[in-house]
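Colleague: Quick note: the sequence shown uses my numbering, first residue 3, plus one each step.
Keep in mind that a hint or two might mislead.
As the list claims (entries may be wrong) - Taking CB as the label site, the calculated pair distances span: (1) Ala225 with Leu42: 47 to 55 Å; (2) Gly119 with Ser233: 23 to 31 Å; (3) Asp25 with Arg113: 37 to 45 Å; (4) Asn85 with Met120: 29 to 37 Å; (5) Phe141 with Gln65: 40 to 48 Å; (6) Ala127 with Gln65: 50 to 58 Å; (7) Thr95 with Ala123: 48 to 56 Å; (8) Ala123 with Pro143: 30 to 38 Å.
These are computed hints drawn from the structure, not numbers from a lab.
Here a beta-carbon is modelled for each residue, glycine too, at the ideal position from N, C-alpha and C.
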Amino acid sequence: MSAPQFEPLGDDALLVRFGVRIDVEVNAAVHRLAAQLRDLSPSWLRDLVPAYASLAVFFDAGQLPGRDPHAFVAGAIEALLANRSPLPAGGSTLHEISVCYGGEHGEDLVRAAHALGMDAATLIARHSAPVYTVAMIGFAPGFPYLLGLDPALALPRLATPRTRVPAGSVAIGGAQAGIYPRESPGGWQLLGRTPQVLFDVGRAPPSLFQPGDRVRFVPIDEATFDRMAASS
């Protein structure tokens with residue numbers, strides 16, 4: 003992995019770019035730096051926004067010495083990057099997400115399995131086997147982009163996106179997995195649905211997932227789905 007690049011984002015932010023591709027190692031570097039900055043918690047730090055291959059660092063220029071706050075923050079980050087501390091083992095939250103696969107909850111499951119040359123049961127088993135990493139939150143509030151999908155399960159997005167995807171829909175788009183936290187349009191292939199509430203404006207924070215969290219999918223039957231949905 004090459005050395006990160008620094009790009010100003012307006013007057014009060016710096017983009018630290020580790021690459022331009024979706025990659026587990028690159029994303030781990032993003033979350034490592036974010037964890038280091040959170041632990042250090044300098045007085046000038048206002049916010050951090052991780053993405054697949056970059057970290058946006060928002061700062062309070064009034065807390066920084068000199069006339070070039072971007073250069074100061076870049077220097078501080080370079081010093082942190084020189085200390086390649088590992089991410090703490092098991093330090094992120096592991097979410098077990100119950101999923102009812104197929105049927106009305108996963109309209110694309112059978113068609114996707116056929117396209118991949120396997121039966122639906124095999125697709126479910128392989129989709130629910132990994133522990134995924136929340137690479138970033140994007141597209142819609144609380145939508146987790148998940149790294150860790152079995153490469154054999156990569157599926158193209160739909161040629162025509164749906165105008166309505168139910169909240170909790172578990173999907174594949176290209177080499178990525180994700181979960182729609184709220185009803186919205188969407189073009190990913192729908193495998194199933196979770197009854198768990200993933201985004202709630204009355205909760206602090208509203209999103210169940212945070213960048214760097216881990217996710218494991220747990221298959222459930224429809225009766226369990228209905229019972230959990232009724233109690234959520």
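Colleague: Which of the listed hints are not met by the structure?
Modeller: 2, 3, 4, 5 and 7
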